[in-house]
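**Q** The primary structure of each chain is shown beneath.
Protein chains: 2
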Amino acid sequence: MHTLKDLQSLVSVAIDKEINQLYQTEPRHLYEPIGYALAVGGKRLRPAMVLLGYSLFDEQVEKALPVATAIELFHNFTLLHDDIMDGAEMRRNNLSVYKKYSENVAILSGDAMSIMAYNALLKSNSEALPAMIRLFSQTALEVCEGQQFDMDFEIRTDVAIPEYLKMIKLKTAVLLACSLKLGALAANASEKIADQLYDFGLNLGIAFQLQDDLLDVFADQDKFGKKLGGDIVANKKTFLLLKALEISGEETKAFIHEWIDKKDFDASEKISAITGKYNELGIKEITERSIDEYYQAALNIFNEIPLADETKVGLLQLANLIMNRDH
Amino acid sequence: MHTLKDLQSLVSVAIDKEINQLYQTEPRHLYEPIGYALAVGGKRLRPAMVLLGYSLFDEQVEKALPVATAIELFHNFTLLHDDIMDGAEMRRNNLSVYKKYSENVAILSGDAMSIMAYNALLKSNSEALPAMIRLFSQTALEVCEGQQFDMDFEIRTDVAIPEYLKMIKLKTAVLLACSLKLGALAANASEKIADQLYDFGLNLGIAFQLQDDLLDVFADQDKFGKKLGGDIVANKKTFLLLKALEISGEETKAFIHEWIDKKDFDASEKISAITGKYNELGIKEITERSIDEYYQAALNIFNEIPLADETKVGLLQLANLIMNRDH
Chain A
80 MHTLKDLQSL VSVAIDKEIN QLYQTEPRHL YEPIGYALAV GGKRLRPAMV
130 LLGYSLFDEQ VEKALPVATA IELFHNFTLL HDDIMDGAEM RRNNLSVYKK
180 YSENVAILSG DAMSIMAYNA LLKSNSEALP AMIRLFSQTA LEVCEGQQFD
230 MDFEIRTDVA IPEYLKMIKL KTAVLLACSL KLGALAANAS EKIADQLYDF
280 GLNLGIAFQL QDDLLDVFAD QDKFGKKLGG DIVANKKTFL LLKALEISGE
330 ETKAFIHEWI DKKDFDASEK ISAITGKYNE LGIKEITERS IDEYYQAALN
380 IFNEIPLADE TKVGLLQLAN LIMNRDH
Chain V
80 MHTLKDLQSL VSVAIDKEIN QLYQTEPRHL YEPIGYALAV GGKRLRPAMV
130 LLGYSLFDEQ VEKALPVATA IELFHNFTLL HDDIMDGAEM RRNNLSVYKK
180 YSENVAILSG DAMSIMAYNA LLKSNSEALP AMIRLFSQTA LEVCEGQQFD
230 MDFEIRTDVA IPEYLKMIKL KTAVLLACSL KLGALAANAS EKIADQLYDF
280 GLNLGIAFQL QDDLLDVFAD QDKFGKKLGG DIVANKKTFL LLKALEISGE
330 ETKAFIHEWI DKKDFDASEK ISAITGKYNE LGIKEITERS IDEYYQAALN
380 IFNEIPLADE TKVGLLQLAN LIMNRDH
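Residue numbers (the numbering used here), protein chains in the order written: chain A, 80 to 406; chain V, 80 to 406.
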């Protein structure tokens, strides 16, 4: 049985190999930035999820490495282009691609990366390949839609919670869901179990994003990688802010909007003012309940998946990893 | 028998339908710019080539419309992102997408467009779909490589003719070649004939791009859509310029480089100075010979294609259309 950590290591080795090749491929100005983007790319959670989905049905997880690589290429392509759009100069303590090279490089290398994701997928010799490509391509388009909704929300003042949940589903959760399902399909799992894995990943993905929103305000500062309250300072339309605006009376609403509209302010003053309102409104508890609902929904699906407990254990490791945020 | 004009009309109707749908799809800020990009998108040459390739083997060309749409989506995606990279504000007398909307919109809508190209392709129910996706995806990556080489050449002073030919092959010719071959594969043509069609399109594509270089300097101004000499003013590394640098002596070379390096100049003076050198060197005739070589290579392949002359006639119409440039 492969642990999730094993799978992450396995996929890391494969992607490091890919990176080395990219550094030697012409045209260099196209492929080197792709290698760089992959190299700063983090914990390989999504490609490990592909191997995990595969490992439930077949021990020879190496066979799913092209599929795992496809997901990692696609995920990092979205980060690469998102960083241009968001003007994000840093990515995991490294310069983002457009900052290190140029915007043109980041656009074109990103384009190539998304095509390379398909090419990697096409290396799989699974019989289910057509279904896998359809799922992947559908998911890829959904991720673009999610990014567009996210950008739309930046300039809207009337975002409702269901719209927000739809956005994070598209932008974040579908790719996690797709990763598990692709792995399962690559191992010729039945459509039914593959769909259960998809739904498991989808609920976990939404819980994960809601927790991301929560931790930005209410994490233990010592354990949190960055400064608390970044979303508040940036007026990011998180679940917390939208829920606060939804349930508060006119006076509190006006108070929050006043802080949102302020151009000139002290960051820690703004953080403590908004956090104070969140505390008054019980936003932390409301958000935790919402996270727990999605988490429980994932666990319910987990229980229904008709596989032996010792086979399924990796899925629980995944849920813990995602929810404990030690990644 | 379908004429090439018929096929262009057929594909135009299908793409207009697609455009109408796009204008009604949410998120609007993602899909409307895609509709706009397709709407300003020209003569539908490449998707008509898909139908042409299909029509050689099956009269029911409607079956290849999803494949044709895929090619048109992909081609316009490359234009969309190229316009950002080149700072090109206009596209066929309309504002380019990044200028009409914004750069972020153009990046994300372009990304979605390239994914939608795959999704369109996936609608084909040809048995050859896996081979078709492989060809398409390989070609798409080559087009990115071609664009990168083109950008590299802008800042290089030592581009050799073989490198230039490789660049235009990747940037322009492979997509024309791929269009014909995809159509043939969609109609379950043999790999051998499909490859012949690919090579026919490839040679035609290179001849087409060389002619594009030639006409920029030596076209009949009355028939030419834009002002002559634009490439000379912009120091574009065309076949003409590279060939002139290759064959000229030190003195002429120095003369040309002097004009290239000038920051402050009168455009028509520069055009007439460089054109004068081209005339001295016989560049027009050299380029015409080169175009003719690729054109003849295409015709030789045409003659070898084991289909009846009345079936193949569309390919000759295509060659004429491409070489007479009335598109």
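Please note that a few of the clues may not be correct.
[As the list claims (entries may be wrong)] Some but not every residue of chain A turned toward chain V, in silico, with C-beta under 7 Å:
#1 H108
#2 I194
#3 Q375
#4 N379
Everything labelled a hint here was simulated from the structure, so no lab data went into it. Glycine included, C-beta positions come from ideal geometry on N, C-alpha and C.
**Q** Against each hint, give a clear statement of whether it holds in the structure.
**A** Taking the hints in turn, this is what the structure says about them:
1. H108: holds (6 Å)
2. I194: holds (5 Å)
3. Q375: violated (30 Å)
4. N379: Because about 31 Å separates N379 (chain A) from the closest Cβ in chain V, which is outside the 7 Å limit, the hint is violated.
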